[in-house]
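Visitor: As a plain string of letters, each chain reads:
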Amino acid sequence: MATTKVIERKPLTFAEKTFLPQIATGLKTTFGNMLKKPITLQYPEERPVIPDNYRGVPTLVKDPNGREKCVSCQLCEFVCPPKAIRITPGEINAEAEPDRAHVEKAPQEFEINMLRCIYCGFCQEVCPEEAIYLQDVFSLSGYSREEMINKKDKLYELGGTLPDEHFKWDKKKAAELSGNPEH
Amino acid sequence: MTLFEAWLPVILPVIFALVMISVFMGMCAYAVLAERKICSYIQGRVGPNRTRLPLIGNVPILGDFLTGLGIFQPAADGLKFLFKEEITPGHVKLGYYYLAPIIALTPALTTMVVLPFGRYVDAAGVVQPLALANLDVGFLFILAISSLGVYGIVLAGWASNSKYPFLGAIRSSAQMISYELALGVSILPVFMWSAAPGSEYGMSLFGVVQAQETLWIGIWQPLSALIFLVAIFAETNRLPFDMAESETDLVGGFHTEYGAFKFGLFFVAEYAHIIMGSAIFVLLFAGGWHFLPGLADPWPAGPVGAVLSVLWFLAKIAFMIFFFIWIRWTLPRFRYDQVMSLGWKILLPLAVGNLVFNTLLIALIDAL
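In order, the protein sequences belong to chains A and B.
Under this note's numbering, the residues of the first sequence are numbered 1 to 183, in order.
Under this note's numbering, the residues of the second sequence are numbered 1 to 368, in order.
Any given hint could turn out to be false.
[Claimed, not checked] Where chain B lies over chain A, by a calculated footprint (3+ residues, C-beta under 8 Å):
#1 21-35
#2 39-47
[What the hints assert, rightly or not] Some, not all, of what chain B presents toward chain A, calculated at C-beta under 7 Å:
#3 I42
#4 R45
#5 V46
#6 T330
#7 W344
If you are wondering where the hints come from, they were derived from the structure by calculation, not from laboratory data.
Heads up, the beta-carbon is just placed ideally off N, CA and C, and yes, glycines get one too.
Excised from the complex, chain A in its bound form (with noise of 0.2 Å):
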């Protein structure tokens, strides 16, 4: 069992008593403060710096091609916890677009309530084509509620193109194209 040492409190000496030293340590203290720089930022000019894995608005992003990943596969509309997500799936134009056509679908509409979004990052977590990602949006307003719903131009605007290792749609046209029957 642990030994309790009661440790013997030194009595105050009197100038400790009358406050007046510790009085002066502070002033001191509050005066090197007044001398530093500030630690605020001038928020709408200055901006703070978001870390990469920082859980923003959600947005669709498109792969270094400029071609939509979204497949429209809504496992990103079961997931989301909030119901905010709607997807409504659509055919790709195979005369249109014939490079990608093999993909088959894409999004017809994409919308993101933000009035519902939790901003967990589960759609991203859940997403098979690396389509939906939280970035570094963090202040989002709008005058309506419509405003405050993100249709799918929006959701590319604010998404851009994010660099891709696996251009998955292009190796899956080669392995067509060469003929492997297994694909």
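Could you slot chain B onto chain A? The hints should help.
Guide: Just chain B, lined up with the frame of chain A:
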């Protein structure tokens, strides 16, 4: 012309009084700004730096610099207080409710009548004080009038007719009455030394300043100065003793029910008290407008010297205001019982002891 000359003795004091009030109110406004700026510097912030007046604010470098310092902020603050909606809660006692802020501000503005703020040399070569009225009983006048300030707070608390203001008012009246004793006793030695029997000045503040030509009283009477300083902090309800407001436990204290311009009056009154307290401390203990200990009066005799003495006095006051603010953002608040025990059990006996010691010392010197 003769009519004008006949009325001159009436008009001139009125003009002087108006000028002094405007300067004083300007100082109050900028004391508020100083408080906000200094507290933000201490806390690692920037403080008000956005308000910009059209003409001066648009001068290329100067405008940005002044805006960054928040120089234009008091104008915005004042206008805000003026144009806010006047809300009067339904449960207040109306007459006293409106009277309280006025009573809070009036004593602070009245005391400055006897405040000498500089000196000039008259035609006969005699040094005269610059003051609205140089009363023989100057300091008694200040003590008497400034004690009335507590009525503003008590009245506000009572007229608000609700719990928190009432508690705040009760606390602060107890506190102010307790510390007034120590305050009064602590300055007695100052006058015993400076206004010896047969001196021509009596209890006027000018006499005290003139007695400090060689050495400031604060240097050889540090105990008096310390007690007076602590008591002044308590009297102005500043932070180590801000029993009256105590935002943390009493919402806003005595002015919880006040808004708009009426709150503005309380706010200005607080800073007016600080400025008055600083001025009195400088006059009694820090040599008034005397330059430095040992180098009393280097100013020339003409009007330039008078202006310089006033400016030096204002600089000392500015430092004291800075000190008030500095202390506020350094020390945590005392508990109510600690405030009371400090006042009654420590400061008052110390002040009395100091008085007795100085009395004996003077008696001893006289006997030798």
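Visitor: Using Cβ atoms only, decide whether R45/B comes closer than 7 Å to chain A, and label the hint accordingly.
Guide: holds, 5 Å
Visitor: Taking the closest Cβ pair, is I42/B under 7 Å from chain A?
Guide: Cβ of I42/B sits 5 Å from chain A, so the hint holds.
Visitor: Taking a Cβ-to-Cβ distance below 8 Å as contact, does the segment 21-35 of chain A have at least three residues touching chain B?
Guide: holds (count 8)
Visitor: For the hint on W344/B, just tell me whether its beta-carbon gets within less than 7 Å of chain A.
Guide: Hint on W344/B: violated, closest Cβ of chain A at ~17 Å, above 7 Å.
Visitor: With chain A as the partner, please determine if V46/B meets the hint condition of a C-beta pair closer than 7 Å.
Guide: holds, 5 Å
Visitor: Establish whether the coverage given for the segment 39-47 of chain A by chain B is satisfied; the threshold is a Cβ-Cβ distance below 8 Å, and no fewer than three residues must meet it.
Guide: holds (count 3)
Visitor: Was the hint right that T330/B lines chain A, CB cutoff 7 Å?
Guide: Since chain A brings a Cβ to about 5 Å from T330/B, closer than 7 Å, the hint holds.
The structure does not agree with numbered hint 7 stated previously, though it agrees with all others.
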